[in-house]
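Keeping their order, the protein sequence lines are chains A and B.
1 is the number of the first residue of the first sequence in our numbering; add one for each residue after it.
1001 is the number of the first residue of the second sequence in our numbering; add one for each residue after it.
Keep in mind that a hint or two might mislead.
[What the hints assert, rightly or not] Calculated lysine to aspartate or glutamate pairs in the EDC-like style (CA-CA distance at most 16 Å, straight line):
id: 1; chain 1: A; residue 1: K249; chain 2: B; residue 2: E1272
id: 2; chain 1: B; residue 1: K1255; chain 2: A; residue 2: E269
id: 3; chain 1: A; residue 1: K281; chain 2: B; residue 2: E1287
These are computed hints drawn from the structure, not numbers from a lab.
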Amino acid sequence: MMNEILKLNNITFTYAPEQEEVKNAVEDVSFTVNEGEWIAIVGHNGSGKSTLAKIINGLLFTEQGTVEVMQKLMNEENLWDIRSQMGMVFQNPDNQFVGATVQDDVAFALENNGVPHEEMVARVHEALAQVKMEQFLDHEPQHLSGGQKQRVAIAGALALKPRLLILDEATSMLDPQGRKEVLATVRKLREDTGLTVLSITHDLEEAILADRLLFMNGGQKFAEGTPKEIFDLGDQLIELGLDLPFPIKMSKLLMAQGVSLQGNAMSEEELVNDIWISNFKK
Amino acid sequence: MDIKLQKVSYRYGMGTPFEKRALYDVDLHIRSGSYQAIIGHTGSGKSTILQHLNALLKPTEGQVQIGDAIIERKKKPKDLRPVRQKVGIVFQFPEHQLFEETVLKDVMFGPMNFGVEEAEAEQRARNMLTLVGLPETVLEKSPFDLSGGQMRRVAIAGVLAMQPEVIVLDEPTAGLDPRGRQEIMELFYRLHKEQNLTMILVTHSMEDAARYADQIAIMHEGRCVLNGTPRDIFSDSEQLAAYRLEVPRIIQFQKQLEARIGLSLGELCLTEEQLVRVLSRVVKEREAQ
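Using the sequences and the hints, build the whole thing.
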């Protein structure tokens, strides 16, 4: 049986418990993340994704429902232990810098956790190499570009050698190249270490990389499945404020114009082949 | 109103040990009524240029001409208010600048700050809030009770209420979901077309530049290395790669497809719709043969 890293049971949360007219930010959400999986939570702005992330990390406590991390029920006593096993990277890296230099910043959480100096130095270097920021060791974080800052923030999480890496819209402020690098880093990490990843995103190119998607709408779990299963929802996704990944969108547009296709392409390469086989190959 | 940068150079922290040169001899002429995109890799000097467009920064060398106003280092600035009123900047995450008690007051603040009467400012604010697609019901709400997408619209309405002739957009869709992104970009395009506003879009998004801009300037290491139509700029992917940039995804896809089918589609497609149109025509022509 697979190891459950994270389990949410019937979570309901509201930011305004006194005001009954205010809708719940999260409504009766349950799901499980197994060890080694990459799960993406997708949904439009305001769908409850980020609230979920804060509940998972114990930044918010729920009135209803429970969170289990590594089969332990999360409570205020074990919160700190649990948190040390979850690396979390937020959307805006400016809000999470504490160190005066890049390496100090990455070392901060390690120092907090009492990691011996030598190991700390090694881990800081390793983590920064993983995000291709090793040449910036002594730079001041505030002088880095947005993309670079975010890579340092990710290194800070990686240095803790977490069991679960949570990316809360972590690539949404990066330029296309920065985003690619970070996603490639996450993929590589998963290959090398089998790290479990939970990414919260509305970038469908990021979501398509995941093993399983959780599609949130209006605080509720609207659908759950493989990327293929979710993207088969097609127009429903668009109605709910999301888009379709490029190959799927193009397939639909082409078919609507009467270009014959098999229509199963999940990557650009597959779509190129589909177009060629269905229309040009003799 | 034209904006002309002539041999503009800029150094941060001039005369200090931290002096850093951010712009080198930039020449850029943005014509009245055009839609100009400024693209560059992180650290290419895009943001420094942006701050020159309404005299937030003065060039250390060279000259910036904004309408009739000439901005140079040596010249003491005369009143810059008209310049700042005519060139509205929508900064990244503009919703962080909201501060008033109500949405209506927040949007009125800009025009009143430039000396517009209260009744007139309110009228403008109401019009602009409608224009950006916000319902009447939000007018008396606190801007902080709105969703992220709505807050951004309020901030944009605040810039529009100053009735600028030029709007500078710094990554206006960062952090928005796909629908929000499309709505905001379409809004600016509509304003550009219907009210003949000059738009200057500073962005990482090749896709947005390809779809909306008439002219694209490419910044690289503090220099403006290319300026041309999207078709010119994106027809040479190798040159762009030298500036650590890529052609829009749709063009990459077109190239891949053409290589596979061994056939040129005959024109460079800048948007998905265009590629779909051209490809379906090519397929139908082949079937007819």
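A quick look at each hint next to the structure:
1. Among the hinted pairs, K249(A) with E1272(B) is consistent with the structure: their alpha-carbon atoms are about 9 Å apart, no more than 16 Å.
2. At roughly 12 Å between alpha-carbon atoms, K1255(B) and E269(A) fall within 16 Å of each other, so this suggested pair holds.
3. About 12 Å separates the Cα atoms of K281(A) and E1287(B), which keeps this hinted pair within 16 Å; it holds.
Hint violations for this structure: none, all hints satisfied.
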